[in-house]
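Asks: Kindly produce the complete structure, drawing on both the sequences and the hints.
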Amino acid sequence: MGEAMDPQTIIAKRVAQELRAGNLVNLGIGIPTLVANYVPPGLNVFFQSENGLIGTGPIPEQGMAHPLLTDAGGRPISALPGASTFDSAMSFALIRGGHVDVTVLGGLQVDASGHLANWMIPGKMVPGMGGAMDLASGAKRVIVAMQHAAKGKSKIVQKCGLPLTSARPVDLVVTDMAVMGFDGGKITLIETAPGVSVAEVMAVTEAELAVPDKVPEMKI
Amino acid sequence: MKAVSAEEAVAMIPNGATVMVGGFMGVGTPERLLDELVRQRKSHLSIIANDAAVPGRGLGKLFDAELVSTIMASHIGLNPKVQQQMMAKTIEVTLMPQGTLVERIRCGGCGLGGVLTPTGAGTIVEEGKQQIEIDGKHFLLETALRSQFALVHAFLADYLGNLSYALTARNFNPVMAMAADTVIVTAEHIVPVGVISPDHVVTPAPLVDYLVTNG
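Residue numbers (my numbering), protein chains in the order written: chain A, 1412 to 1631; chain B, 349 to 563.
Hints were generated in silico from the structure; no laboratory data involved. Fair warning: there could be bad hints in the mix.
With a straight-line Cα cutoff of 27 angstroms, these simulated DSSO-like cross-link-like pairs (lysine-lysine) come out [stated by the list, open to error]:
| hint | chain 1 | residue 1 | chain 2 | residue 2 |
| --- | --- | --- | --- | --- |
| 1 | B | 429 | A | 1570 |
| 2 | A | 1625 | A | 1597 |
| 3 | A | 1597 | B | 485 |
| 4 | A | 1535 | B | 477 |
| 5 | A | 1630 | A | 1424 |
| 6 | A | 1535 | B | 429 |
| 7 | A | 1551 | B | 437 |
| 8 | A | 1535 | B | 485 |
| 9 | A | 1570 | B | 437 |
Note that this is a predicted model, so its numbers are computed, not measured.
Replies: Spelled out as structure tokens, the structure:
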């Protein structure tokens, strides 16, 4: 076994393998943002920032930031050659209109039928949904990138208790322990993280997980 | 279009006005008009904007000065003061998906009564809204939004009021410039007519009522 990877790196590296040449990709905040660090060299993907940019580049070097070029959190970013800018109506037309190939979103809960809850905890955290609902409803492929459990509690639940982000099920969930899909409308284990057994995944998964005979390990 | 000072522009806005404010997390926000709203203590404002920025920046300044009664936005999570004022019930906050917010404003500026969107269908966002099925797909009817004033920030404005925007500072600005009775614009640079080529004008001059002079 190689050196241990931290949970966020495992998730981000595995999600990055889902991106294809030419994809238009929108990354949510938190773990999803890290996915950009692991895009295979030579693979050309376009990253969208929903405040109005396709072609987001890395954080600019000291002294090279422009106050009018930021990510959706208001932090300075750069724009790559071939970038384009547009207004918010266009930005969400791209998202709702199915022009975004992949969105990677963080999650609070995903349930057995693929429903995602990621935008509020009633009475505790009411920040607003921002662009999450449009992305979860409109992107061609929705991938959730999140830790498998929080404070010992499974985030893969039988039925979401928190308010849903969309009625449309997500396509793939990548956690620090497993990759899960929803083919046939049932949550199914696809891969386990390096060094994690199927039994260990089952033990921290609240949802009834379908397990095929052979479950390969993530290759990251 | 009429050229005015920031002081004259804000003097036109009464207490209790409905005001759209361009910008996204304080980027592309007409800061000088917000500073002037605070200085003239215009209160009980009903704000429509993407977000509430952060304290001390952009729209955050209006919440620092407690001048807002209601806000419609998609995200307020990065401004703890808005969260506090919401919990204390001194302001009323209406949250909606960002794509829905911008489309509602677009409808307001385009003579449309509303838009059918799949976003929010099957979630708590659909509560109280008309639901319409088209070709077996479930949509929500989201109605148009307009306001008395729109405060817009451009990169270039020419002497006639043609506007262009820069980078990610465009965001909600051109959409809001369509959707208010009175449109007030600040610009980073005010330039002679012709500097913005016709192909690069994003907001045509007839949409602009007042341009705030620089310097």
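Asks: If a hint holds in the structure, say so; if it does not, say that too.
Replies: Okay, the hints, checked on the actual structure:
1. With a C-alpha separation of about 34 angstroms, the suggested pairing of residue 429/B with residue 1570/A is violated against the 27 angstroms cut-off.
2. For the proposed pair residue 1625/A and residue 1597/A, the alpha carbon gap of about 17 angstroms is at most 27 angstroms, so the pair holds.
3. Note on residue 1597/A and residue 485/B: the hinted pairing holds, with a Cα-Cα distance of about 22 angstroms set against a maximum of 27 angstroms.
4. Among the hinted pairs, residue 1535/A with residue 477/B is consistent with the structure: their alpha-carbon atoms are about 25 angstroms apart, no more than 27 angstroms.
5. A C-alpha spacing of about 9 angstroms is found between residue 1630/A and residue 1424/A, which places the hinted pair at or below 27 angstroms, so the restraint holds.
6. In summary, the hint linking residue 1535/A to residue 429/B is supported, as the alpha carbons are separated by about 15 angstroms, within the 27 angstroms threshold.
7. Under the criterion of a C-alpha separation no larger than 27 angstroms, the hint pairing residue 1551/A with residue 437/B is inconsistent with the structure, at around 39 angstroms.
8. Distance restraint check for residue 1535/A and residue 485/B: the Cα-Cα separation of roughly 33 angstroms exceeds the 27 angstroms cut-off, and the hinted pair is therefore not satisfied.
9. Distance hint between residue 1570/A and residue 437/B is unfulfilled; the C-alpha atoms sit about 32 angstroms from each other, more than 27 angstroms.
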